[in-house]
Amino acid sequence: MKTNIYLYILTMIFTTWLMRVSSSLVMKKPIKNRFIQSFLYYVPYVTLAVMTFPAITEATQSPIAGAAALVVCMAAAWFGAGLFPVAIAGCVTVFIIELFI
Amino acid sequence: MNEKRKLFIHGYKNGLPIGAGYFAVAVSLGIAARDYGFSALQGFLASLFTYASAGQYMAFNLYNVGGTLIQLIILTIIINARYILMGFALNQRMPEGTPLGTRMLVCTCITDEIFGITIARRGAPSPYYTFGALIAAVPLWALGTATGISMGNILPVSIVSALSVALFGMFIASIIPEGRKDKAILAAIFASFAFSYAFAKLPVISEISSGNRTILLTVLISSVFAALFPRTEGGSDEN
Chain A
13 MKTNIYLYIL
23 TMIFTTWLMR
33 VSSSLVMKKP
43 IKNRFIQSFL
53 YYVPYVTLAV
63 MTFPAITEAT
73 QSPIAGAAAL
83 VVCMAAAWFG
93 AGLFPVAIAG
103 CVTVFIIELF
113 I
Chain B
570 MNEKRKLFIH
580 GYKNGLPIGA
590 GYFAVAVSLG
600 IAARDYGFSA
610 LQGFLASLFT
620 YASAGQYMAF
630 NLYNVGGTLI
640 QLIILTIIIN
650 ARYILMGFAL
660 NQRMPEGTPL
670 GTRMLVCTCI
680 TDEIFGITIA
690 RRGAPSPYYT
700 FGALIAAVPL
710 WALGTATGIS
720 MGNILPVSIV
730 SALSVALFGM
740 FIASIIPEGR
750 KDKAILAAIF
760 ASFAFSYAFA
770 KLPVISEISS
780 GNRTILLTVL
790 ISSVFAALFP
800 RTEGGSDEN
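Residue numbers (our numbering), protein chains in the order written: chain A, 13 to 113; chain B, 570 to 808.
These are calculated hints, taken from the structure and not from any lab test. Positions of the beta carbon are idealized from the N, C-alpha and C atoms, including for glycine. Some clues are possibly wrong.
Said to hold, decoys possible - Residues from chain A that face chain B, not an exhaustive set, calculated with beta carbons under 8 Å:
1) Lys14
2) Thr23
3) Thr28
4) Arg32
5) Met39
6) Asn45
7) Val62
8) Ile76
9) Ala79
10) Cys85
11) Met86
12) Leu95
13) Cys103
14) Phe112
15) Ile113
As the list claims (entries may be wrong) - Here are the in silico distance ranges between beta carbons for each label pair:
16) Asn45/A / Glu747/B: 35 to 43 Å
17) Ile17/A / Ile643/B: 16 to 24 Å
18) Ile76/A / Ile704/B: 36 to 44 Å
19) Ala693/B / Ile108/A: 26 to 34 Å
20) Lys750/B / Ile108/A: 46 to 54 Å
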């Protein structure tokens, strides 16, 4: 049986908010522990990368289109395109490739 | 009073282009949310008050696979760990004696983009500025989500398929520029792709739920990189 969806959404909202403000509650000085600092430094990149691949190849009708979008988005981001242009470049890539498959 | 008003309006103006980007990406999030069993109202409320792209995507997905509240809390903490870091960075800029309410209001407005425009300004972050940006951007995020959920089934399959990568595009755009600046991050990104793929395909391991695989991989890979390539606040040590 699934959790009540509104309770689930409230939990999502409250936990996320707590993440944002937790530093304000505890912070008087910066964290000194080097391992924790380093761990937190890598976390956002690792999490987002893990969630992106292979999921992007499963989101599209054809896995090849998703893989191509990954490559195009990475190249666009590498050469300095912003958030929105990168997202659009991915969408256009999938649209064009799936026209031919 | 006038100064506060000016800061709010300035934040609001800077938040609008962010909101335009949010809208498009949120449509993609909404399309996913619809598949995961969320109504337009539920998606709208979740987006209006959570406003966390990767975290919401994870949460919607986890709900669909029957995730528990405990799993939701753990994954939300892990996926949004960057908000703690951003919170520390913002608090670092606020002078000693700044009231707790001010600190909390500034940090309540954290998203990747609002953090970006706030930290780019000189001096102590103002809650009027961050709140102005939040008020401009987040309703568009919520509207986009509701649009994706309610229009997802009217749109042609080819459009839905194309839009469904927008969210991943935004993830990629938030990690690659840092990877270009820091080779250790780039290596961590590729290691994450490789292990995530392996964990999704290997027998036995692939039977762990995708939510738990995300936790496991994040903790493992980040720990290994933290041990091998430690960082301090100023950035890399070795150069």
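Here is how each hint holds up against the structure:
1. Satisfaction of the interface hint for lysine 14/A is found here, the shortest Cβ-Cβ separation to chain B being roughly 6 Å, below the 8 Å cut-off.
2. Taking 8 Å as the C-beta contact cut-off toward chain B, the hint placing threonine 23/A at the interface holds, the least distance being around 5 Å.
3. Proximity of threonine 28/A to chain B holds as hinted, the smallest CB-CB distance being about 5 Å (cut-off 8 Å).
4. For arginine 32/A, the interface hint holds, the least distance from its beta-carbon to any beta-carbon of chain B being 5 Å, beneath 8 Å.
5. The restraint placing methionine 39/A at the interface with chain B holds, with a minimum CB-CB distance near 4 Å, inside the 8 Å limit.
6. Annotation: asparagine 45/A was flagged as interfacial toward chain B, and the flag is violated, the nearest CB pair being 10 Å apart, outside 8 Å.
7. The beta carbon of valine 62/A is positioned within 8 Å of a beta carbon in chain B (closest approach about 4 Å), and the interface hint is therefore held.
8. Taking 8 Å as the C-beta cut-off, the interface hint given for isoleucine 76/A is violated, the closest approach to chain B being about 12 Å.
9. For alanine 79/A, the interface hint is violated, since its Cβ never comes within 8 Å of a Cβ in chain B; the closest pair sits about 10 Å apart.
10. Checking cysteine 85/A against chain B: minimum C-beta separation of about 4 Å stays under 8 Å; hint holds.
11. With a cut of 8 Å, the hint placing methionine 86/A at the interface with chain B holds, because the nearest CB-to-CB distance is about 6 Å.
12. This hint holds: leucine 95/A has a C-beta 5 Å from the nearest C-beta of chain B, less than the 8 Å allowed.
13. Because the beta carbon of cysteine 103/A sits about 4 Å from the nearest beta carbon in chain B, less than 8 Å, this interface hint is met.
14. Restraint check, phenylalanine 112/A versus chain B: the minimum CB separation of about 11 Å is more than 8 Å; hint violated.
15. Because the closest C-beta pair between isoleucine 113/A and chain B is about 11 Å apart, greater than 8 Å, the hint is violated.
16. Roughly 22 Å separates the CB atoms of asparagine 45/A and glutamate 747/B, a value that falls outside the hinted 35 to 43 Å.
17. The supplied range of 16 to 24 Å is met by isoleucine 17/A and isoleucine 643/B, whose beta-carbon atoms lie about 19 Å from each other.
18. Checked against the hint of 36 to 44 Å, the C-beta distance between isoleucine 76/A and isoleucine 704/B comes to roughly 42 Å, which is consistent with it.
19. Distance hint check for alanine 693/B and isoleucine 108/A: the Cβ-Cβ separation is about 47 Å, which falls outside the suggested range of 26 to 34 Å.
20. A hinted range of 46 to 54 Å for the beta carbons of lysine 750/B and isoleucine 108/A is inconsistent with their spacing of about 31 Å.
In the structure shown, a violation is registered for the earlier hints numbered 6, 8, 9, 14, 15, 16, 19 and 20, in ascending order.
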